[in-house]
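Asker: Sequence order for the protein chains is U and C. When the letters of the first sequence are read in order and numbered with this note's numbering, they come out as residues 1204 to 1431. When the letters of the second sequence are read in order and numbered with this note's numbering, they come out as residues 1196 to 1460.
No wet-lab data here; the hints were simulated from the structure. Where a beta carbon is used, it is the ideal one built from N, C-alpha and C, also for glycine. Hints are not guaranteed to be accurate.
Label pairs and their computed distance ranges (CB to CB) [as the list claims (entries may be wrong)]:
| no. | chain 1 | residue 1 | chain 2 | residue 2 | range |
| --- | --- | --- | --- | --- | --- |
| 1 | C | L1437 | U | P1376 | 22 to 30 Å |
| 2 | C | G1256 | U | P1397 | 36 to 44 Å |
| 3 | U | I1354 | C | A1240 | 43 to 51 Å |
| 4 | C | L1252 | U | A1373 | 30 to 38 Å |
| 5 | C | L1437 | U | L1254 | 23 to 31 Å |
| 6 | C | L1265 | U | P1376 | 16 to 24 Å |
| 7 | C | M1455 | U | E1214 | 42 to 50 Å |
| 8 | U | F1372 | C | F1419 | 33 to 41 Å |
| 9 | U | P1397 | C | L1437 | 56 to 64 Å |
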Amino acid sequence: MHIVDGALAPEVLIGGGVIAVAGLGLGLRKLPIDKIPATGVLSATFFVASLIHVPVGPTSVHLIMSGLAGLVLGWAAFPALFVGLLLQAVFFGFGGLTVLGVNTVNIAMPAVLIGLTFRGLVARSTPKVAAIWGGIAGAASIAVTTIFVAISLGLSGEGFIPAAKLVFFAHIPIMIIEGLISAAAVFLICKAKPELLRTDTADIAHEPAFDAPASPQTATTAHEASNG
Amino acid sequence: MSHLFGHDQPLGAQASSGTAPSFVGSFDPRVRVVAAGLFAIMVVALHQVEFAFGAFLVAFGTVFLTDLPLRLTLKRMAAMDGFIIVMLVMLPFTTPGTPMFSLFGADASKEGLMHAVLIGVRANAVVLMMLCLLSGLSPVALGHTLYRLKCPAALVHLMMFTVRYISVLHDEYHRLRMAMKLRGFRARNTFHTYRSFGYLFGMLLVRSLERAERVLDAMKCRGFSGHFPMIDHLEFKSRDVLFGVGFVALIFAFVLLDRMYVFAY
């Protein structure tokens, strides 16, 4: 899924970088300071997902769970997945520096789009139906990611098109497995802690509630400060 | 690979704490981060295989100026090559051009082979140089460096939280996995396996959210006001300037020679 440095055309790299910066900006705007701890912990969870290996046929693949990240985090999935990719690139050498923008767009953009599409459906459904939607979201985000990867390869040269097709077909088993695992995870979350997936409704309900204690708090601290 | 964020050394990479830093490690991290970025952009901009290979040799030479273990570093680089090998093998057969040899009825073109080699050399050069320049830099130090380089504070804080909790949650994952193992779970190619992994990851998310709530409560309890102090000792010395200027000169030399070489044909 990671594209390495040196393969893509400069136009694709720059385009990816610009879209990634825009996405990061939007994602960070929707991330108030008191949501950062929760987002950071969830971002770490999705990083740990990439360390979990699941058997597929004779080999094993690592989880990606970007669809679930989109469902749980919404727009904040963009910076959260970017941080994961940055750490992987810098400390493991997976992916690269100049392709960081393209890789972020390829993985985070489908996550955000799928997450925003399916969030309401998952939040309103019973656990069993929510699991089906979650499974579709998990599989679809991988599918869209591979299509994005194929597009970024295809735009960089005619010679990459067969490789791009191969990337898509090689990922079909991964889509199915990600779908199954996302479905089971959504089912469990709906039973154990449905708030995790109802963040959009919770957002609206909580936003004034979050602000309300914050503003008197700052007022009192300002007051204390002025009092010395 | 999670050993980088292992719980024994929660925030250190292979940081050699206590011992004197290597030659590369003695420079200001800001210069090193910017240099790694510039090097990557330069390598990607090179058109000629010869110069890309030269850049790779520079990166390889830099390994000896760090305290990175050579074998482990090359192994990590080779792990990345596993990702691209399929694409590189296919490229000669899919790029139109002068046929060189044919295999199973498909013609391999010279242009395609050169392109594949160029990509491979570039990718390895960038990764090797990055591992060298950022060696000994812990994730936390990287966060501080990015903050000093004017990255958005929210992004840096998010990264610091992520780094902090990766090892914690990885341990949590191992605990859950151990509990499954004790109950006789073995990963196979069955529906049951995938469902169990789904429950495992779902539980991990639930637990991490509960942990996040506790963390936020603890932070509020200690008067968190939306700002983290960044405590570090970054010093921009004259030798950092020398390093930066030398590095930029090297990069310009590479790019200029690369372009001149085209004209010299």
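Asker: State the violated hints by number, sorted upward, taking the hints as numbered earlier in the document.
Answerer: Per hint list: 1, 2, 3, 5, 6, 7, 8 violated.
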